[in-house]
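Could you build all of it, start to finish, from the sequences and the hints given here?
There are 2 protein chains.
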Amino acid sequence: MSFKQPLSLSDERFTAVYQVTGSLKEAAERAFDICVEQTVEFPIDLIHREDIREQVVGEVLGVESVEADRHLATIRFAGDIVGGELTQLLNVLFGNISLKPGIRLVSVTLPDTMLARFRGPRFGLQGLRSLTGIAGRPLVCTALKPMGLSAPALADIAYRFALGGVDFIKDDHGLADQAFAPFSERLKRITAALRKAADRTGRPCLYMPNITAPSDQVMARAETAKDFGAGGLLIAPGITGFDTLRRIAEDDRIGLPVFSHPTMLGTFTAHPESGISHGVLYGLLNRLAGADATIFPHFGGRFTFTKEACGELAKSATGPLGGLAPMWPVPAGGMSLEKVEEMTQFYGTDIILLIGGNLHRKGPDLTRNARELMERL
Amino acid sequence: MSFKQPLSLSDERFTAVYQVTGSLKEAAERAFDICVEQTVEFPIDLIHREDIREQVVGEVLGVESVEADRHLATIRFAGDIVGGELTQLLNVLFGNISLKPGIRLVSVTLPDTMLARFRGPRFGLQGLRSLTGIAGRPLVCTALKPMGLSAPALADIAYRFALGGVDFIKDDHGLADQAFAPFSERLKRITAALRKAADRTGRPCLYMPNITAPSDQVMARAETAKDFGAGGLLIAPGITGFDTLRRIAEDDRIGLPVFSHPTMLGTFTAHPESGISHGVLYGLLNRLAGADATIFPHFGGRFTFTKEACGELAKSATGPLGGLAPMWPVPAGGMSLEKVEEMTQFYGTDIILLIGGNLHRKGPDLTRNARELMERL
Numbered sequence: 001m002s003f004k005q006p007l008s009l010s011d012e013r014f015t016a017v018y019q020v021t022g023s024l025k026e027a028a029e030r031a032f033d034i035c036v037e038q039t040v041e042f043p044i045d046l047i048h049r050e051d052i053r054e055q056v057v058g059e060v061l062g063v064e065s066v067e068a069d070r071h072l073a074t075i076r077f078a079g080d081i082v083g084g085e086l087t088q089l090l091n092v093l094f095g096n097i098s099l100k101p102g103i104r105l106v107s108v109t110l111p112d113t114m115l116a117r118f119r120g121p122r123f124g125l126q127g128l129r130s131l132t133g134i135a136g137r138p139l140v141c142t143a144l145k146p147m148g149l150s151a152p153a154l155a156d157i158a159y160r161f162a163l164g165g166v167d168f169i170k171d172d173h174g175l176a177d178q179a180f181a182p183f184s185e186r187l188k189r190i191t192a193a194l195r196k197a198a199d200r201t202g203r204p205c206l207y208m209p210n211i212t213a214p215s216d217q218v219m220a221r222a223e224t225a226k227d228f229g230a231g232g233l234l235i236a237p238g239i240t241g242f243d244t245l246r247r248i249a250e251d252d253r254i255g256l257p258v259f260s261h262p263t264m265l266g267t268f269t270a271h272p273e274s275g276i277s278h279g280v281l282y283g284l285l286n287r288l289a290g291a292d293a294t295i296f297p298h299f300g301g302r303f304t305f306t307k308e309a310c311g312e313l314a315k316s317a318t319g320p321l322g323g324l325a326p327m328w329p330v331p332a333g334g335m336s337l338e339k340v341e342e343m344t345q346f347y348g349t350d351i352i353l354l355i356g357g358n359l360h361r362k363g364p365d366l367t368r369n370a371r372e373l374m375e376r377l
Numbered sequence: 001m002s003f004k005q006p007l008s009l010s011d012e013r014f015t016a017v018y019q020v021t022g023s024l025k026e027a028a029e030r031a032f033d034i035c036v037e038q039t040v041e042f043p044i045d046l047i048h049r050e051d052i053r054e055q056v057v058g059e060v061l062g063v064e065s066v067e068a069d070r071h072l073a074t075i076r077f078a079g080d081i082v083g084g085e086l087t088q089l090l091n092v093l094f095g096n097i098s099l100k101p102g103i104r105l106v107s108v109t110l111p112d113t114m115l116a117r118f119r120g121p122r123f124g125l126q127g128l129r130s131l132t133g134i135a136g137r138p139l140v141c142t143a144l145k146p147m148g149l150s151a152p153a154l155a156d157i158a159y160r161f162a163l164g165g166v167d168f169i170k171d172d173h174g175l176a177d178q179a180f181a182p183f184s185e186r187l188k189r190i191t192a193a194l195r196k197a198a199d200r201t202g203r204p205c206l207y208m209p210n211i212t213a214p215s216d217q218v219m220a221r222a223e224t225a226k227d228f229g230a231g232g233l234l235i236a237p238g239i240t241g242f243d244t245l246r247r248i249a250e251d252d253r254i255g256l257p258v259f260s261h262p263t264m265l266g267t268f269t270a271h272p273e274s275g276i277s278h279g280v281l282y283g284l285l286n287r288l289a290g291a292d293a294t295i296f297p298h299f300g301g302r303f304t305f306t307k308e309a310c311g312e313l314a315k316s317a318t319g320p321l322g323g324l325a326p327m328w329p330v331p332a333g334g335m336s337l338e339k340v341e342e343m344t345q346f347y348g349t350d351i352i353l354l355i356g357g358n359l360h361r362k363g364p365d366l367t368r369n370a371r372e373l374m375e376r377l
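Just so you know, the sequences run in chain order U and F. Counting from 1, position 162 in the first sequence corresponds to residue 162 in the numbering used here; the numbering is continuous, with no gaps. Counting from 1, position 219 in the second sequence corresponds to residue 219 in the numbering used here; the numbering is continuous, with no gaps.
Any given hint could be a false lead.
[Claimed, not checked] DMTMM-like cross-link-like pairs, simulated, lysine to aspartate or glutamate; straight-line CA separation at most 20 Å: (1) Lys4(F) - Asp227(U); (2) Lys226(U) - Asp216(F); (3) Lys100(U) - Glu308(F); (4) Lys100(F) - Glu50(F); (5) Lys100(U) - Glu273(F); (6) Lys4(U) - Glu341(F).
[Claimed, not checked] On the chain U side, residues computed to face chain F include the following (Cβ under 7 Å): (7) Pro6; (8) Asp11; (9) Thr39; (10) Ile44; (11) Glu67; (12) Asp69; (13) Asn96; (14) Gly148; (15) Asp177; (16) Ala213; (17) Gly266; (18) His271.
[Claimed, not checked] Covered by chain F, per the in silico footprint, the following chain U stretches (three or more residues, Cβ under 8 Å): (19) 49 to 62; (20) 99 to 110; (21) 228 to 234; (22) 354 to 365.
No lab work stands behind these hints: they were computed from the structure. Backbone N, C-alpha and C fix where the C-beta goes; we use that ideal spot for every residue, glycine too.
The structure is reproduced here in structure tokens:
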């Protein structure tokens, strides 16, 4: 019968490395289980089609012990099972096995043919340097808060920070479309305030409104932002899904830099024995989806990322990845002026410093606070 | 100045209970930290506006010890900070604190005014009973697999299972739009096969295609499914985001039953000290978003959910929730015919039995295998 014609997948393959806990024997069994669970999800002894067993089911390339109860399993999957979709790539990499504790996705290697299907960061390191005209120092971003302020009050803060010379001002990620500061009014007021500031300083400060929103409104908010002359966009893939970030970043009608916020993603990296590594989650996935900048908690702030995790993340954000542009690391989370030097020593100067609440600490003159920060760079 | 006009939020409030690890003193500190981190995300000593401190910042209602190092903190938030959006509700409930290990969201209580903004399950328990015309027994669903089969081959399997009398046939959640079984062709072939089967059996078997897809294609797939006469839809909010599920479920032009799949959500429930409880994640959030059925791993299958977790989940799926309809629990994950009795004893008969690969185990006559299952009910 025609429907029994043999499968002939292309020879495109990608690999994923999973850290598996347990004995080496258990790890080998679990590695094979991942091959099945993430593809056919079907009792292997009941698959009578040899072509499916050989081409669709993942293949264990090796299991290597890191410690007595921790092993790295490298698994190869056929590119064709992804069907060119980021959503299905996520599903193959870490879908059902997220439900099985003791498995952590630690790295992913995609062939150039698969990477070429992603646009990646539209601006990336060079693009944001060109757009801002700033060379040789970190870029600087602050956030509009606290939630509860009206749009005019937020615009006033934005104006004062812009006079102090910061490069970007983003919405706090909790600013959505609340009645006390509706999205459209924020756009109108804050972009106007920043144009006024630019008239005085002679250089632009880019506003990145938060477009994390209901599924049917994300694109409309991006368009509103574009119409009002926003300088970029902030979105949280942990809430909207990574593919919504991709859609916004790839849309040529929008064409704005996109910052990715880590809210609600933290559980994936909270436990070293399960979830997804910092490099894959905040680095690779954001970059595939086209984020120009990835915000994450710098070690030593009010969150608990380790130095190693931050280093791995930054490397994944900026290291070689086919033809995809490198993405800006944005270490944040309770950062202060005093940490700037430590941060640039650790990451280098190709970072965006995100300093939020603490930029209010030096006193009520926000312009002076911002200027003091800028002079340190 | 006008932008300093005082805030006046409505008196709508909702509460969330977080399990916090550490000493009681630490837990009390962390509870207050949640109040700040999830709202203003700003150093509290720098908030000079009393109205914001009093109305926007969350409020600790109590901290109760469960064990020496495990405590339950009840926190009250203003409804207005959510702005009527599920995305921002998720952000307030578990956004940035997902990045802080040792905090688990265990329950959420929304007032009726907030619940009334969600449509919830369109069909729910009663609606799917009416739609299928089946009373007094569990409904039965199977899944089309393994991945790699062509659309005609999947349609052939669907036809044979439908002749055996199952109520629903869903796509395996790994079926996306791969070249070996493209979405449109699956829809065309499988709906045709099920119409043919219905002509013979005299009763319908509903097909639920997987519409987990890129952000800009989810709605188009739902429409294609509707056009071809699919009986429902399968979607994975862990990949698309919960609000995409809500959008699809609430859309009156679609108007089909929606099954929610747990792929990629598992990390949230993997560690008892962090993430989100089974009841909130697979129960409440799916139900708010409008899922008619929530698929999850039944204890004792090939996943590791406990009996308690499954019970909590089922209770959250079906218990009182304002005017929202109850949602079907769909225990699954390596289920077999032998477990049916145990499952109905545990959950009652208002469940959908999802038996996938194991329905192939009794032999190649899929119609007979399905019939044997149906006769057990």
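A quick look at each hint next to the structure:
| no. | hint | in the structure |
| --- | --- | --- |
| 1 | Lys4(F) - Asp227(U) | violated, 28 Å |
| 2 | Lys226(U) - Asp216(F) | holds, 19 Å |
| 3 | Lys100(U) - Glu308(F) | holds, 17 Å |
| 4 | Lys100(F) - Glu50(F) | violated, 27 Å |
| 5 | Lys100(U) - Glu273(F) | holds, 16 Å |
| 6 | Lys4(U) - Glu341(F) | violated, 36 Å |
| 7 | Pro6 | violated, 10 Å |
| 8 | Asp11 | violated, 14 Å |
| 9 | Thr39 | holds, 6 Å |
| 10 | Ile44 | violated, 9 Å |
| 11 | Glu67 | violated, 19 Å |
| 12 | Asp69 | violated, 17 Å |
| 13 | Asn96 | holds, 5 Å |
| 14 | Gly148 | holds, 4 Å |
| 15 | Asp177 | holds, 5 Å |
| 16 | Ala213 | holds, 6 Å |
| 17 | Gly266 | holds, 3 Å |
| 18 | His271 | holds, 5 Å |
| 19 | 49 to 62 | holds (count 5) |
| 20 | 99 to 110 | holds (count 3) |
| 21 | 228 to 234 | violated (count 0) |
| 22 | 354 to 365 | holds (count 5) |
Hint violations for this structure: numbers 1, 4, 6, 7, 8, 10, 11, 12 and 21, all remaining hints satisfied.
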